[in-house]
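K.L.:
Spelled out, the chains give:
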Amino acid sequence: MSAWAAEGMVVGTERVVFLAELGLDGRLRPVRGVLPAVAAAVRAGVETVVVSRENAHEAALVPGVEVLTASHAVEVAWAFSRGNRVRREVGDRFPDLDERMPDRHVGGAASVEESRDAAPVPEAGGDLAEVRGQHEARFALEVAAAGGHHLLLVGAPGAGKTMLAERLPGILPPLGDDAAMEVTAIESVAGDAATVGRLRRRPPFEAPHHSASTAAVVGGGARIARPGAVTRAHCGVLFVDEAPEFQRRVLDSLRQPVETGVISLHRAAGSVTYPARFQLIMAANPCPCGMALGRAGECSCSVAQRRGYLAKLSGPLLDRIDLQVQVDRPRSASMTLDEPGESSAAVLDRVLAARAVQQDRLGRWELRMNSQAPMGLLTGALRPASAATAALDAALDRGGLSLRGYVRVLRLAWTLTDMAGRTSPEAEDVDAAMQLRQSTEERRTG
Amino acid sequence: MSMGRSRGVVLVGMQGHLIDVESDIGQSLPAFVLLGLPDASLRESQDRIRSAARNSGIDLPARRLTVNLLPASLPKSGRGWIWRS
Chain Z
559 MSAWAAEGMV
569 VGTERVVFLA
579 ELGLDGRLRP
589 VRGVLPAVAA
599 AVRAGVETVV
609 VSRENAHEAA
619 LVPGVEVLTA
629 SHAVEVAWAF
639 SRGNRVRREV
649 GDRFPDLDER
659 MPDRHVGGAA
669 SVEESRDAAP
679 VPEAGGDLAE
689 VRGQHEARFA
699 LEVAAAGGHH
709 LLLVGAPGAG
719 KTMLAERLPG
729 ILPPLGDDAA
739 MEVTAIESVA
749 GDAATVGRLR
759 RRPPFEAPHH
769 SASTAAVVGG
779 GARIARPGAV
789 TRAHCGVLFV
799 DEAPEFQRRV
809 LDSLRQPVET
819 GVISLHRAAG
829 SVTYPARFQL
839 IMAANPCPCG
849 MALGRAGECS
859 CSVAQRRGYL
869 AKLSGPLLDR
879 IDLQVQVDRP
889 RSASMTLDEP
899 GESSAAVLDR
909 VLAARAVQQD
919 RLGRWELRMN
929 SQAPMGLLTG
939 ALRPASAATA
949 ALDAALDRGG
959 LSLRGYVRVL
969 RLAWTLTDMA
979 GRTSPEAEDV
989 DAAMQLRQST
999 EERRTG
Chain E
423 MSMGRSRGVV
433 LVGMQGHLID
443 VESDIGQSLP
453 AFVLLGLPDA
463 SLRESQDRIR
473 SAARNSGIDL
483 PARRLTVNLL
493 PASLPKSGRG
503 WIWRS
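Protein chains in written order, with this note's numbering: chain Z, 559 to 1004; chain E, 423 to 507.
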């Protein structure tokens, strides 16, 4: 365009951003990453962008921008034509030039409203009602959803760990405007589809296979690193199934993003920081044969194998996981099969209520969930009564708990308090939080 | 005046950077010069732009075309934003 402007063919392109791929015949094709690009342009004061037709809806998600869409370079030239020059040049080739004026869209409100009103699209994942029994694990899942806590499920094969984890997005609240914009921008850069048509309201769910490399999980590649699974799971769930089968390096690379919510990737060509505030759900068998829990007699593994297996989940990583729960195989067919579990919708209502309470309390520190509360807050303004935390304080004194663990127990206790409808954690909430955190830890070391 | 301007965006990670594109048509033998740290995929744009312009019916003049991408310090890559020749 600027070359045409240099020739005097078109005018007024100085403050317009053009985003499309050009074919040899002059056709415009969609490109990746239009949403973050347009958002950046608007932040820099640009008012008009030109994109290909396929990218129109994506660009129009950004509020406060005028979007021109065209499918051919000539249409764009015509829109910025100086007088009739473009028509004189191409008139015989494009006699229908007047009908090919680029479409105008105004970015913002309309499309955002529309995607909020639309009913949540049920995606693969299923309903919690299909999970029979498993009361402890279901409770843990609900707590994880309510407070945004990380969760580890340990149990025998076939107990339903994967089933439970896959149903977590169904009981998470839909994403707010800002989060939806971030997630959609990530999808635009890293997703499979060439273009995204609407804001994504459902929290993402990423479940990499255990053969995944470090680069695939945290992001990587030559020159400027590309986003990985942790970034695609931003504002959603990263499900690490069969966690001990992952390479240890891969698991340990999750440590920093779990704590900070961002991942910083440095290469010689430059460094990039991607958002990576995900909820980590891990599932593991207790030993290579999977039978060490519950019916211990059936386990055929040696002691060394058993110890080595869960030890692949390193201490520092486990220290960051708030909820560690054992999932047993259902025992009685009549008891578990006859009685359907509670549906996702019912659980989601409770989760939404608990989130609303958290928002009320934490809103003035600009936080949304208990799991985001920093240590200073939990030991300062929001410190529970000392009577309630006596057992926890003792655990810290004994050295059985790190300071980070202490804070994480407090966060969990707050979530349990919110779910129970109390105003401040009491001793039983703190005790329950410690129980939920430690139920597999003792087994590992014992 | 034989200079024109437009704009584009380069993405580094999720961060977008606004790029100014300046073009100058000079009085020398036909050539296409691309300045401002373009990478290999961006250099391909030189041929793409001339062909696309010719096939659209608005041929670029057979003279020296210099395209400058600003800021020059930011490495620019990709096919996505190149078509503002």
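Honestly, the hints are just simulated from the structure, not real lab data. Since the structure is predicted, the reported quantities are computational estimates derived from the model, not experimental observations. The C-beta atom is built at its ideal place from N, Cα and C for all residues, glycine as well. Take these hints with a grain of salt, some might be off.
To give an idea of the chain Z side of the interface with chain E (calculated C-beta under 10 Å), a few residues [what the hints assert, rightly or not]: (1) P594; (2) A602; (3) V604; (4) P833.
Between beta-carbon pairs, the in silico distance windows are [as the list claims (entries may be wrong)]: (5) E:S424 x Z:R662: 26 to 36 Å; (6) E:S495 x Z:G958: 21 to 31 Å; (7) Z:D735 x E:L496: 42 to 52 Å.
Just so you have them, the derived chain E footprint on chain Z, three or more residues with Cβ under 8 Å [unchecked claim]: (8) 707-721; (9) 973-984.
K.L.:
The structure should be examined with respect to each hint, and the outcome stated for every one.
P.N.:
How the hints compare with the structure:
| no. | hint | verdict |
| --- | --- | --- |
| 1 | P594 | 5 Å, holds |
| 2 | A602 | 4 Å, holds |
| 3 | V604 | 7 Å, holds |
| 4 | P833 | 7 Å, holds |
| 5 | E:S424 x Z:R662: 26 to 36 Å | 30 Å, holds |
| 6 | E:S495 x Z:G958: 21 to 31 Å | 53 Å, violated |
| 7 | Z:D735 x E:L496: 42 to 52 Å | 30 Å, violated |
| 8 | 707-721 | violated (count 0) |
| 9 | 973-984 | violated (count 0) |
Checked against the numbered hints above, the structure breaks hints 6, 7, 8, 9 and satisfies the rest.
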